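S.K.: My numbering numbers the first residue of the sequence shown as 22 and each following residue consecutively.
It is possible that part of the hints are untrue.
Straight line, CA to CA, 20 Å or less: simulated DMTMM-like cross-link-like pairs of lysine to aspartate or glutamate [as the list claims (entries may be wrong)]:
| id | residue 1 | residue 2 |
| --- | --- | --- |
| 1 | Lys-134 | Asp-104 |
| 2 | Lys-134 | Asp-44 |
| 3 | Lys-134 | Glu-52 |
| 4 | Lys-134 | Glu-45 |
So the derived label-pair ranges between C-beta atoms look like this [said to hold, decoys possible]:
| id | residue 1 | residue 2 | range |
| --- | --- | --- | --- |
| 5 | Asp-25 | Thr-47 | 31 to 37 Å |
| 6 | Asp-44 | Trp-78 | 24 to 30 Å |
| 7 | Leu-61 | Ala-114 | 28 to 34 Å |
| 8 | Gly-48 | Ala-101 | 29 to 35 Å |
Derived from the structure by calculation, the hints contain no laboratory data.
In this text, all values refer to a predicted model and were calculated from it rather than measured experimentally.
C-beta: ideal position from N, C-alpha, C; glycine also.
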Amino acid sequence: MAADTAQARFDHFEIYFCETAVDELTGYFAENYGGATPALVYDRASQDVIATAGVYWGVDFDTPFVYTGRGNLLVELRWAGDDEGFIYTYVCAEPVYTFVSAHYSNATFGGTKLMQHRFRLTVDAVGIEPTSFGRVRAVYR
22 MAADTAQARF DHFEIYFCET AVDELTGYFA ENYGGATPAL VYDRASQDVI
72 ATAGVYWGVD FDTPFVYTGR GNLLVELRWA GDDEGFIYTY VCAEPVYTFV
122 SAHYSNATFG GTKLMQHRFR LTVDAVGIEP TSFGRVRAVY R
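Sequences and hints are given; from them, build the entire structure.
M.R.: What follows is the structure in structure tokens.
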């Protein structure tokens, strides 16, 4: 494997999207949904990720998600165990809590951070006004 490449395996890997009115995340996962229900858009029994620095890793969702642009988009990644590998992500500092993580996939509470992982989302803009996008919030557990 190249020096700038990392690999990890995640068991029972899921991605959820949720449009929420919440502007700053709390440590309680359920509060961050703002009364909305997260939608499961990607589900794998096992997910291998091979990431090279400077290259985005991509997936095609199992289920489309309709984002109206009226709220913030919360992206939640869940997995139940891994091989202790690692992957590269770009991060940036944020003035509010935009990141929550926990060590267990069934956790109800996690640690908050003033940071955000960079995601590249490719969307079909059908029914979404180009200027309507809110901010992306990331949740890991």
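S.K.: None of the hints should be skipped; say for each whether it holds.
M.R.: Going through the hints against the structure:
1. Taken as a hint, the Lys-134 and Asp-104 pair is broken in the structure, with Cα atoms around 24 Å apart against an allowance of 20 Å.
2. For the suggested pair Lys-134 and Asp-44, the alpha carbons sit about 14 Å apart, so the restraint of at most 20 Å is met.
3. Simply put, Lys-134 and Glu-52 have alpha-carbon atoms about 16 Å apart, close enough for the 20 Å limit, and the pair holds.
4. For the proposed pair Lys-134 and Glu-45, the alpha carbon gap of about 11 Å is at most 20 Å, so the pair holds.
5. A C-beta distance of roughly 36 Å is found between Asp-25 and Thr-47, which places it inside the suggested range of 31 to 37 Å.
6. For Asp-44 and Trp-78, the hinted distance range of 24 to 30 Å is satisfied, since their beta carbons lie about 28 Å from each other.
7. Evaluation of the 28 to 34 Å hint for Leu-61 and Ala-114 yields a pass: the beta carbon distance comes to about 30 Å.
8. At about 20 Å, the CB distance of Gly-48 to Ala-101 disagrees with the hint of 29 to 35 Å.
Of the numbered hints given earlier, the model fails hints 1 and 8; all others are met.
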